[in-house]
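Asker: Protein chains in written order, with numbering that gives the first Met the number 0: chain R, 0 to 174; chain A, 0 to 772; chain H, 0 to 290.
Be a bit skeptical, because a hint or two may be false.
Said to hold, decoys possible - Partial list, computed: chain H residues near chain A (C-beta under 7 Å):
id, residue
1, Y7
2, R187
3, R267
4, I269
Since the hints were derived computationally from the structure, they do not count as laboratory data.
Note that CB positions come from ideal geometry on N, CA and C, so glycine has one too.
One-letter residues, chain by chain:
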Amino acid sequence: MTHHQVELTVNGSKVSMQVEPRQSLADALRSQLGLTGTHLGCEHGVCGACTIIVDGEPVRGCLMLGVQAEGAEVLTVEGVSPSEGLSPIQEALREHHGLQCGFCTPGMVMALHHLFTITPSPSEDEINEAISGQLCRCTGYQGIVSAAKAVAQKQRENRSHDTTVNGKENSCRSA
Amino acid sequence: MTIGARIPRVEDERFLRGEGRYVADIAMPFMVEAYVLRSPYPHAHIRSIDASEALALDGVEAVITASDLPDDLPPIPCRIPTHGDLGPYLQYPLARDRVRYVGEPIALIIAKSRAVCEDAAELVEIDFDPLPPVVDPEAAIKPDAALVHEAGNLAGRWGFDLGAVDDALKNATYVVSEKFSIQRHTAMPLETRGLIASYDVGRNLLDIHGPTKVVHTNRNVLAAMLGMGEAEIRMVEPDVGGSFGARGEFYPEDYLIPFAAIRLRKPVRWIEDRIEHFAAINHSRESAFEVTACADAEGMITAFDVRLVTDMGAFIRTHGDVVPSHAAASFPGPYRVRNYRIDAMTVMTNKTPTGTYRAPGMFEANFARERALDRLAAKIGIDPAELRRRNLIPADMMPWHVGTESVKRPTIFDSGNFPHVFERALEAYGWDAPIEREADGWLRGRGICALVEPSGLGPFEGVRIEVDQHGYATIFSGSSNQGQGHETVLAQIASSILGLPVEKIRVRHGDTGIITFGGGTYASRTAVLGGNAVHSAAVGIRDKALKTASAKFDIPLEELSLREGEIWHGGKNEPVISLGGIARMLMPGNPEFLKPPSDMNMPDNDGLVVTSYIRGVPGGTSAFAVHMADVLVDPRTGDTRVENYFVACDIGRQLNPLIVEGQLIGGVAQGIGGTFLEELTYSEDGQLTTGTFADYMMPNVYNMPPVGTLVLEETKAPGNVLGVKGVGEIGPSGVPAAIGNAIADALKATSGLNILPLTPERVLAAASTVERP
Amino acid sequence: MKPAPFEYHAPRTVEAALDLLESEGPDARVIAGGQSLVPMLALRLARPEALIDLNRIPELSGIRKEGSTIHIGAMTRQAHALASSLVFEQLPLLHYGLEHVGHPPTRARGTIGGSLSHADPAAETPAVMLAYQARMVLRSKQGERVIPAEEFTFGTFETALEEGEILTEIRVDARPEEGTSLVELSRRRGDFAMASAAARMSLAEDGTCASAHLIIGAVAPVPLRFDAVTDALKGRTITESLVREAVELMDLDQFEFDNVDISLAYRRKIGPVLAERALLQAFNRAEGLRK
């Protein structure tokens, strides 16, 4: 079986990975690049723990193959965390107790990161839809939704100002 | 920072940044990966196993079967007392000549990667001779049933017979008899299990990362099975993605992975995949109740007469029969009922073995009792809340001895003012407020469930607190943490005594290398026992620090106090020495210690270190809770929408309201999963048919109603200094009853809705029995 | 849950993909969005020798209008189609259908053509295309053929695709004047339906029903068309009672699926209810367009 050398951009840095075709992108990020923040909860595309952003869109890291990421811009939870402390989304999740065991959390952070990238102050319906494919076994979602609503509210209040919710410049904002 | 402060959790930052360190995030040099080859048959003889082709595959290191294990290897023991001898039903780590459920481990394959393990698994040739599977527990106890074990399918039959049930039934004015069934489902933490074991052959030391929940117990079991000293094995809990009772028990893999690491002399990692998890993790809840409840003319409940059949699966695991035991012991709930009889049967079937899942036995018993009570209220012609109101145990009858026992301990409700909390709950929810009965063709109903949730069970918990010379305190706890927030809550307790900010308090847990004895995390016990152990150790630290300062500086003890990490002289209103300074002074061998003559009066100089072991009180403590729900039902499709959910409870004292609410709301979500969605179904031929997340449906954000909470601190638990009662299991415990009652109320249904999950089809069937204009 | 080994090819043109399909033979499989195929690989339920990835073929993506026909490239992402104003205005039923398909991260990868080629009986896209009487464009080394939607899907996971052939495009007549609706019942939103009803309706000048289509999905190996119901509506003024009478004409014997948790009897109960609701909502939306 042929191994493939894949060149891609991960969290703003050019990287190279050697993958077997059968290896999922999430597996490759974890084992080749040590980016263990992307979690695997089911490996069949339902739980959403492995959600990452590829070329500006949220995707299931377990349903993409590593070899399919050639040339892609990938953003993981490590890439949306500021160098120290927490991004506004992460901080809101903490304030509103939007996590317990933390296993679904990176996927949840990425789903919300994408939501706020495309919709600066989303409605509750939009928040629900954005996380509808992310399973959380601990919280009952209430704290997560409250956190996102609080960020949205802050965005509305700050609309006249130029703010970034995602903590970092969005290196992979879709055109 | 004080006990009861609503503060965000200290552990959150690492999780939010993706810096949590779960077992699959740990790797070691020369590590190999493991895969458990499992039975595809529910019941079969194994004629032969040929692994030669698998072993020939490039990258495969070993294929371990039962014949490779020691001949005298004992089965995995129960860690809890059981009703009668369940020894014949215990499980060995690998099947020898017979498999009894789909998913039973047959071989352990070790290879350079997980993918290669799975390639090799396809090459192992096993010759099976299929046997008839036993799937239905009622059929299993018929005389002609095939046998899961030679000892018989009825593993246990026991019960209680309190008061005079037959007389009560004879004299009753109102009697209802109902059958209930609760479906097999389970905890399903979002992280699957995993272990990484490494063996230092020269020193005979075994390190295992990945265990959780009861690491000391598991370490001791493993030591016995491997013939090693307990201190030669260290189990370390990493960050853990949820347990809810199921994860962290001693499973076959907890023996196999360390065994392989010793044999191969290489670190062996096993990360369970989700498909394995479905077949391998303890299942739970599958039970059937037949309940007869009766009342006198005044609406006083005079007796419960219950038959309980619990499907234990193919083996008895570490929990023994604790699930039906709890259900039977606490079935009468918060009601003053002295005539109670239960006939409980535990039955073996060719399905995955079972164990506990958050609110074990209570979820099931509350559903059966509270649905039956709504039927009884309807028969009497009174409001469901009124029936409950008349029958709650009054405050002056506390402590209430139910008269039953579970795991060889009496069932005692230690304290509580149930009637008062009940009224507060009804008022807060607006139970009596009129509701619109119809909205756009959907029907609206309201339901209630009252319950008692025992907590703080088990013998003890241990904590050691150490303060270092820089003034950092570290709590070494014998408990484990799978997401509950112990690192924050335990730090809060210590902070309130030591006056240190929580940032200067580290909490370590789940590690047999850090404290000699540990109880672990189950039965909502960490706040109750672990919390009180922290309290007691922190008080010890404070007293030792003050006594030391008093002796050293010759200041009367009563004039000293601890404030923000410093010892203050009250009279002069100035700091005397920091806590770190005291710690340095008390370091063994520190020459400062022996200078002035006053040092003769100082405590020992074994460091500013205090260990505390708190013993549990018999029966633990118990919280009272009321669940209420408004539900909309589409009478044409059976579709449902929970509009509002509410939980009120008296938990004695809150340590952190943010975490308490999180436990309640998250628990309700699991209850909603068990009420509407989640089911581990088996085909007639014994195959698990809901073995992926696509068909085992856990709630997503759309399934969740707004959940309101009312957390009261009315009656402190008398058996512990903090006065806390466990909160972790209140959330799921009353959900199916409250919702089932609400749906029945919406439909005015007088039958049905007794079988979980409440699928649209079952709801529609209940709707169809009602005449509608 | 690691797939069995396979080789991987990422052709840049349809021609190259068809060449690979031929050279790799029947043990090769085409991968589109991968949202159904990759789980099957992980479960080793699918074990191709080689994967031919269509994700790098630009000509297969995009939605455009030519005359009165909407051309949808097979590799158009579900999320793209859902967000497309062209789809919302010209093929609103596709928009409503896609709202029920999975979740944002699965729609971001999942494609229209992939869903159609997978032919899951509970999927929404095949029902929508049947309702629209869409044409499927199939290409192979032998050339191109165009077949109607009802001939494309013929069983659970079974389509008219021959060996060496791929679905490249879906052509649908624009229907901006219609009211449409897709109503479904699932146990958890975003999951496959227990039953679904897709309806289209256009109104005449006088407000009576000019044309209507009704498709029921998830109850049989292929989505079912119920012309008897819609025939009873044509030329009539739509009322709730008329629709309720009309859905009684559904031939429920065509329903086939019978599962432990969702019985055939139950599906036969809710099918007409969902049909009624979809038709009424389609009617209301058609009325809305007239005002």
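Asker: For the hint on H/Y7, just tell me whether its beta-carbon gets within less than 7 Å of chain A.
Answerer: Since chain A brings no Cβ nearer than about 15 Å to H/Y7, farther than 7 Å, the hint is violated.
Asker: Would the hint on H/R187 stand, with a C-beta cut-off of 7 Å toward chain A?
Answerer: 5 Å, holds
Asker: Taking 7 Å as the limit, does the beta-carbon of H/R267 come near enough to a beta-carbon in chain A?
Answerer: 11 Å, violated
Asker: Do the numbers back the hint for H/I269, that is, is its least Cβ distance to chain A under 7 Å?
Answerer: Status holds, d = 5 Å.
Taken one by one, the earlier hints fail for this structure at numbers 1, 3, listed in ascending order.
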